[in-house]
Amino acid sequence: MSKHGITRRNVMRNGAGVLAATAVGAPMVHAQGTGGTIRCGFWDHWVPAGNGILRELCAEWGQRNRVEVNIDFITSVGNQNLLTIAAQAQSRSGHDLLSFPTWEPASKAELLEPVDDVMGRLIQKYGAVTPAAEYLGKIRGKWVAIPAVSGTQMKPACVRFDLMQQHAGIDIRAMWPAENRQGPGADTWNWNTFLTAAEKCHAAGFPFGMPMGSFTDAVDTVGAIFASFGAFMMDERGNPTVRGNAKLRTAVEYMVRLSRFLPNDVWAWDDASNNRALISGRSALIFNPPSAWAVAKRDAPQVSQNCWTVPMPAGPEGRFVPYLPYFWGIWSFSRQKPAAKGLLEFLSERPQAERQTTTSNGYDIPPFASMSDFSIWATEGPPTGTVFNYPLKAHHNARTSVAMAPAPAEFAVQAYTQALNTKVVARVVQGGETIDQALTWLERELTNIRRGG
Amino acid sequence: MAADGSLAMNGGTGMRSGRANSMQRFARRRSTIAFVMTLPLLAIIVGLVAYPAAYAIYLSTLNRRMTEFAGTLNFELLFESDTFWAVAFQSCFFAITAVLLKALLGFWLAHMLHHIPDKGQRKWRGMLLVPWVIPPALSTLGWWWMFDPSYSSINWLLAIVSVPEVPWLGHHWWARIAIIMVNVWIGAPFFMIMYLAALKSVPEQLYEAAAIDGASSWQRLRYVTLPMMANIISITVLFSLIVTFANYDIVRVLTNGGPRDLTHVFASYAFQVGILSGNIPRGAAVSLFMFPILAICAFFVLRSVTRRNKEQM
Amino acid sequence: MSATAANRDAPGIYHKAGSLRAERRWALWTAYASLGVAAIIFLAPPFYMLITSLKTSGEIANMTGNPWLVRDPTLENYEAIVFNPMFQRFMLNSIIITASVVALTMVISILAAFALARMRFWGSQVLATGVFLTYLVPDTLLFIPLYQIVGGLGLLNSIWGLILVYPTLTVPFCTWIMIGYFASIPKELDEAALIDGASWPQMLIKIFIPVALPGIIAATIFAFTVSWAAFVYPTAFVTTPDQMPLTIGVVSQLVRADTFAWGQIMAGALMAALPPVVIYAFLMDYYIAGLTAGATKG
Chain R
1 MSKHGITRRN VMRNGAGVLA ATAVGAPMVH AQGTGGTIRC GFWDHWVPAG
51 NGILRELCAE WGQRNRVEVN IDFITSVGNQ NLLTIAAQAQ SRSGHDLLSF
101 PTWEPASKAE LLEPVDDVMG RLIQKYGAVT PAAEYLGKIR GKWVAIPAVS
151 GTQMKPACVR FDLMQQHAGI DIRAMWPAEN RQGPGADTWN WNTFLTAAEK
201 CHAAGFPFGM PMGSFTDAVD TVGAIFASFG AFMMDERGNP TVRGNAKLRT
251 AVEYMVRLSR FLPNDVWAWD DASNNRALIS GRSALIFNPP SAWAVAKRDA
301 PQVSQNCWTV PMPAGPEGRF VPYLPYFWGI WSFSRQKPAA KGLLEFLSER
351 PQAERQTTTS NGYDIPPFAS MSDFSIWATE GPPTGTVFNY PLKAHHNART
401 SVAMAPAPAE FAVQAYTQAL NTKVVARVVQ GGETIDQALT WLERELTNIR
451 RGG
Chain A
1001 MAADGSLAMN GGTGMRSGRA NSMQRFARRR STIAFVMTLP LLAIIVGLVA
1051 YPAAYAIYLS TLNRRMTEFA GTLNFELLFE SDTFWAVAFQ SCFFAITAVL
1101 LKALLGFWLA HMLHHIPDKG QRKWRGMLLV PWVIPPALST LGWWWMFDPS
1151 YSSINWLLAI VSVPEVPWLG HHWWARIAII MVNVWIGAPF FMIMYLAALK
1201 SVPEQLYEAA AIDGASSWQR LRYVTLPMMA NIISITVLFS LIVTFANYDI
1251 VRVLTNGGPR DLTHVFASYA FQVGILSGNI PRGAAVSLFM FPILAICAFF
1301 VLRSVTRRNK EQM
Chain B
2001 MSATAANRDA PGIYHKAGSL RAERRWALWT AYASLGVAAI IFLAPPFYML
2051 ITSLKTSGEI ANMTGNPWLV RDPTLENYEA IVFNPMFQRF MLNSIIITAS
2101 VVALTMVISI LAAFALARMR FWGSQVLATG VFLTYLVPDT LLFIPLYQIV
2151 GGLGLLNSIW GLILVYPTLT VPFCTWIMIG YFASIPKELD EAALIDGASW
2201 PQMLIKIFIP VALPGIIAAT IFAFTVSWAA FVYPTAFVTT PDQMPLTIGV
2251 VSQLVRADTF AWGQIMAGAL MAALPPVVIY AFLMDYYIAG LTAGATKG
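Protein chains in written order, with my numbering: chain R, 1 to 453; chain A, 1001 to 1313; chain B, 2001 to 2298.
Read the hints as simulated data drawn from the structure, not as lab findings. Glycine is no exception: its CB is placed at the ideal position from the N, C-alpha and C atoms. Please note: incorrect hints may appear among the correct ones.
To spell it out: a stretch of chain B is covered by chain A in this simulated footprint if at least three of its residues, at any positions, have a beta carbon under 8 Å from a beta carbon of chain A; those stretches are [stated by the list, open to error]:
hint: 1; segment: 2023 to 2032
hint: 2; segment: 2036 to 2043
hint: 3; segment: 2068 to 2078
hint: 4; segment: 2088 to 2095
hint: 5; segment: 2105 to 2117
hint: 6; segment: 2279 to 2288
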């Protein structure tokens, strides 16, 4: 059981001194007077220390506000978090607030407490939110959930620079140094270069470890590649845009060519397989947040010393980074809405956000562009600066990509859980279909989703 | 109650007839008592099996948000989707192959066990039943780790005899084989135990008679063992067909349906669609497809069991 | 048998006996060879789980060397698991659930089996068949409507919801084999008891339960293993770690995607599998009796 309680006795003992410090926290909680318990279901962090810091922060806030904070950590392995969200939505009971991945706030919008007040204050303080997060969290003009710090991740390329240099002749660290500038050759870092490198590393026995299954790493990465080719499967109104879509076809063709240089079982890889491929030293590149590197640092230091995170290669329509945001949402059936809002506002503020990011080895990406300068990204190592380019920086010229956008949320969430974008590629490469057949299949699936409502 | 009645008639003394009266009262009251005693069982059967089954049919006619009646839309959409047909194929392929292999392997092992001296049998039987005893979800976890693409210990063994690396869970045919392997591994011991019990019940004289008639070992198997075991074989096979067809945990732990949904069986697909993607009516529709096949199997099991009971009487 | 007949047949018999002995020896060798191979294959996965559970993460991540051997065995994974409050909670939940379900099951099925075996009443035959048919219904057929029903009762994500639905897995089979055991008790016994003025409950407790004890033990073991190993219902109905039993807890919570905890996963899986294995080791004969009694699921 991963519960953490601040017992009433503790609170009493800490007494009035703590009360004085409350002013920072959440203005609305005062009306509540004492007590109450908030039950939180946070995403079970993949960086070992990631859960600890949330626990710590909640404890601090709870003591200041005399609210008991119970925490469960809910893993996304085996889609446990989706199950939890579905079950609580079904029974209208459970936690007061939960972590919602990508499309879930939109699909559960009618069951979520609007948080425009909190978002208003935060935006006033820290500036605009990343557009992708706003797109997913602000439904019909209302913020239904707060873009979370803990758990929100990018999936740029984590490169073994030694192998890349040796087998593909690319000095990735020179291209993307740990500074706010592009190095020489960064303009050649596009999908064509990437394909050649993939071929060479594959020939050398260190294929790129890019999952092509139905889990988030695969769907997000392929989504970003599609986006950089300008390839979209469904428009804002829910109409499939497959037929006669030359860009989509080019993107699928590209993926088909690329897949031939990936390990032959990527079709079944889960979110951990690419990490294992990197940690075992058998892969020259994966698309992942720094957790793979962090685990390698613990279990296989000789691998982690040769890792360098760089932005995604660019495509004809620009550079897109796979983005998997988490949102903190408050159920409308919660009885602790003001307190929950207070807690979430506290967690979103810069000092607390920085502590989350720092403890998670730089894994967590705060939703505000103004926060992409935390020092952890520059100092983390060895090699120092390895995750400097992990968050989105101005000189990357990149945008965040959300797989299945711009489809309406209720359709996008289905296409996302069914991993339609990786499957269309898999049908060609593994299933031996022609691209036309696969695209016909894709269109039929999308139409079915639309018909099913 | 014939015995009771005759007792009372023979007695005829006041005391005896008094007892007979109380027994008659018993007889009258006992059907009420019996009914009360079976009430909890009835509640389970009606409340948690029959009612949900009817409810499933109702659910399958609703739309995704369960706000309105959608008729047969869920079934139409399923029929139109490739994935569904792949699931249907995989369910049948998996169940039939796995059950056949389990039955053959179980039969072979039971035979082998039967051949060795009695005192060694217990030890071997104890060892061979272990896969059946471990909860399947947990042992499948061990298999999953053995199939891991980067760290597969099976591939390591294969590499010794210079077999190239097998993408166990990466290619759909290999993944299907892997699922069948795990299922056979878990289920074969059960068949072995059942067949061993049946083999032991074949009277030794039959074999002696056959040996005197000069029957070869194949002939003995064909004309003595198999006919004697026919019933138990059909019961176990049908049973296993039901359970294997409805299997969920192996697929859930090993492949989660991947790659490309080609290893989904009805149960795991129903779970994926109904609970994970939140489309309860569609999920209910998927699981309803299991029903006819299971009903046919159940019918034959019931027939074999009744026949077996009659034989034993 | 006359001497001449014996003489005439003798060579043939001797010859046949000789080939029979050779055939026997050959058969014995085949038997031992097949059983040996089967034992290796059957025991390899648990063995490999054990080996993995004794390794450090570093050693597991190390690709050189034989994965089937452990170089520096460590108990740190077991230590981490045993002192992990989450795992302790899984264990506790499993114990609560299993104990309640076994108790419920045995009470329900002994009562019902007694009534069905001994007191014929209107519809009893139909009910007995119904019990058997219910037993044939797999859990995966009904988990979606049950999800709605359990949710409607407010019991989703609660061990009580599981305690409510698990009896559908255990009661039918236990009732079925108890009917068999009770029916095999000679009728004379209960008649004698009735004449001595015993009531039905007394008869059940004083005669039926003691006489059918082996059957009751076998049924209890069955109920125990089924509710300990149940997977579909907890996967569907329970979502937070504090309400999870071991099976789903180990599978969903210990498998942490990006981090590398295979040693702990295997240690957890083995510890979770221990209770049924221990019961099996000590009560193998009852276990097998239960298996063969009613042609269980396989």
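Hint-by-hint comparison with the structure:
1. 2023 to 2032: holds (count 6)
2. 2036 to 2043: holds (count 5)
3. 2068 to 2078: violated (count 1)
4. 2088 to 2095: Result for this restraint: violated, n = 0.
5. 2105 to 2117: Contact hint for the segment 2105 to 2117 of chain B vs chain A: holds, 8 residues under 8 Å.
6. 2279 to 2288: holds (count 5)
In this structure, the earlier hints numbered 3, 4 are contradicted, and the remaining ones agree with it.
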